[in-house]
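Here the protein sequences come in this chain order: A and B.
First residue of the first sequence? That's 961 in this note's numbering, and the numbers climb one at a time after it.
First residue of the second sequence? That's -7 in this note's numbering, and the numbers climb one at a time after it.
Check each hint, because a few of them may be wrong.
[Unchecked claim] If you want the ones that stay clear, here's a sample from chain A, every Cβ over 12 Å from chain B, calculated:
(1) 991
(2) 1006
(3) 1033
(4) 1131
(5) 1195
(6) 1197
[What the hints assert, rightly or not] Here are the simulated lysine-lysine pairs, BS3-like style, with alpha carbons at most 30 Å apart:
(7) A:1014 x A:974
(8) B:280 x A:1055
(9) A:1055 x A:1014
(10) A:974 x A:1055
(11) B:280 x A:1111
(12) A:1055 x A:1111
Just so you know, the hints here were simulated from the structure itself, not pulled from any lab data.
For each residue, glycine too, the CB sits at the ideal point set by N, CA and C.
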Amino acid sequence: MDTTQLARPALSVKSLAKSFNQRRVLDDVDFTVNRGELVVFLGANGSGKSTTLKCVAGLATPDSGSIELDGIHLADLHGRDLARARSRAAMVFQKIHLVPRRTALYNVCAGALARVTGLASFSPAFFSRELREEAMACLDRVGMADRALDKVGRLSGGQQQRVAVARALCQRASVLLADEPVSALDPHAAENIMELLATLAHDENLAVATVLHQPELAQRYADRAIGLLHGRIAFNGPVQNLGDDFLDVLYSPERIAA
Amino acid sequence: MSLHTRTRIKEQAVESTSQMIAGKTAPALPRDPHKAARRTLWITAVAVIAVLHLLAIAGTDFDPALLVDGWRGMARFISDAFPPDLSWDKVILPGLEATLVTLWIGLLGTTFSIPTALVLAVLACRTTTPHPLAYQAARSILSFFRAVPDIVFALIFVTAVGLGPFAGVLALICHNTGVMGKLWAESLEETDQGPQEALSTTGASRVQQLTHGALPLVIPQFVGLLLYRFDVNVRSSLVLGLVGAGGIGLLINQAIKSFQFDTMLTHIIIVLILIIVVDQASGFIRRKLAV
């Protein structure tokens, strides 16, 4: 990896705009996420945090604006090229979205499907040895190697979310997006997952962006916070500068909207 | 504070709360503005259903008196059937062999319709279809195969491949594709789309999203519906035998036509056992799958 690639942000979003039924959900949203950084998105329900991540992951289509992943403009690409470029950003969901009846190992392998061809596209029975070994390494990175052959449905919520992160790693993404990854977890599991995300950012040099509903978790684990208010960026800076007064404003939009 | 004042304060408090409740008069029962319209609708619906039934009774010559008068014919028929003819060589053995054919027709009719039903189900499911046109086309094909009864398919295939079980298999494949495809599409539509969506963000192709995200979630439901259809198809293949598509249905038809009602009864008993066995077996496997 050369120095220019390190200097360039892994994810760069410019003037992103999106409306649902003529209601502005995102308005001129600009931000970057660098490698080695854990950025947390804060804001009330409906402020546009999830929609921002979904636009990057391709689960929502922005009306305008540009998204750049590792220096590649997504707007220039179509079809399989776009899908491949987009796979540089992996997504982790609040509802985890693994296949409960399959083993942790096979679920992690599925993260690599964009690189898989032939019969393995149809059945996990044909996943190559190399892929399974890579998936095993990913499970090890999230501390789930000893549960590789357990069916995901038998794991706890926190363990399942770890497997989901391993699937994202197996995707070989440089950007990890997480949409409320700890909202369905108990406090202890939530701490574990936040710790894992911070480790991936700081020790493995991934660019991690996560939506959180717990400002205190953000203040403990994140490097930078982006506060969204009515689809606009209202704060973008180190979490230390995130005062209680400002958080009050962020989470009571009705009062200032009036 | 003396006890007296304390009680007074309490009384005041009680008074003020009761005043609050009394001050706020309970809202009057709301008048339902649509009450009359709803009543008219009900009366019309009941009247229409009643008229339809009167027409149906007239159209089918429905007459219980006729049944009561004709009891003698039925009694003769039943007494002719008893005791069932249990001769091994002439009745039971051919009956068992034909029952096996019936079972085979039901089995092949079910399993050989899996590929067609699966493809059409995926296309006819809103969450997995590649294009709205494919969705509409698949829905239409499924409706057609469902709407044409298997017995009509059997009559058509008999003209192509001749009398015999093969025509029955072909007929069941066609009809079962329509029914199972529809059932599968519905169960696919109801399933959690999360894993499929998650795989789409990894850059997986549509087929990969389907085979690794959506289908593994619905396999228990698909197998359950498959067993249910097997159950139904074995029963259908009995009826197909009546129109010449082989199996025990054919033997029952022959026995009735040659007035061998005791033979007919033996065959019906064999059929009864077959149906109970298939029903119990498929129910058992479905219960195992549900766990």
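Taking the hints in turn, this is what the structure says about them:
1. Chain B leaves residue 991 (chain A) outside its interface by the beta-carbon criterion, the shortest separation being 19 Å against a cut-off of 12 Å.
2. No Cβ of chain B approaches the Cβ of residue 1006 (chain A) within 12 Å, the least distance being about 20 Å, so the stated non-interface status holds.
3. In this structure residue 1033 (chain A) is separated from chain B by more than 12 Å, as the shortest Cβ-Cβ distance comes to about 17 Å.
4. With 12 Å as the threshold on Cβ separation, the claim that residue 1131 (chain A) sits away from chain B is violated: the shortest Cβ distance comes to roughly 5 Å.
5. Its beta-carbon lying about 27 Å from the closest one in chain B, residue 1195 (chain A) satisfies the requirement of being farther than 12 Å from that chain.
6. Here residue 1197 (chain A) stays apart from chain B, with its beta-carbon at least about 28 Å from theirs, past the 12 Å limit.
7. Annotation: proposed proximity of residue 1014 (chain A) to residue 974 (chain A) holds, straight-line Cα distance about 15 Å (limit 30 Å).
8. The straight-line distance between the Cα atoms of residue 280 (chain B) and residue 1055 (chain A) is roughly 27 Å, inside the 30 Å bound, and the hint therefore holds.
9. Of the pairs offered as hints, the one joining residue 1055 (chain A) and residue 1014 (chain A) holds, with about 14 Å between alpha carbons and a cut-off of 30 Å not exceeded.
10. As the CA atoms of residue 974 (chain A) and residue 1055 (chain A) are separated by approximately 28 Å, the hinted pair is consistent with the 30 Å bound.
11. A hinted pair counts as satisfied when its Cα atoms are at most 30 Å apart, and residue 280 (chain B) with residue 1111 (chain A) qualifies at roughly 18 Å.
12. Of the pairs offered as hints, the one joining residue 1055 (chain A) and residue 1111 (chain A) holds, with about 17 Å between alpha carbons and a cut-off of 30 Å not exceeded.
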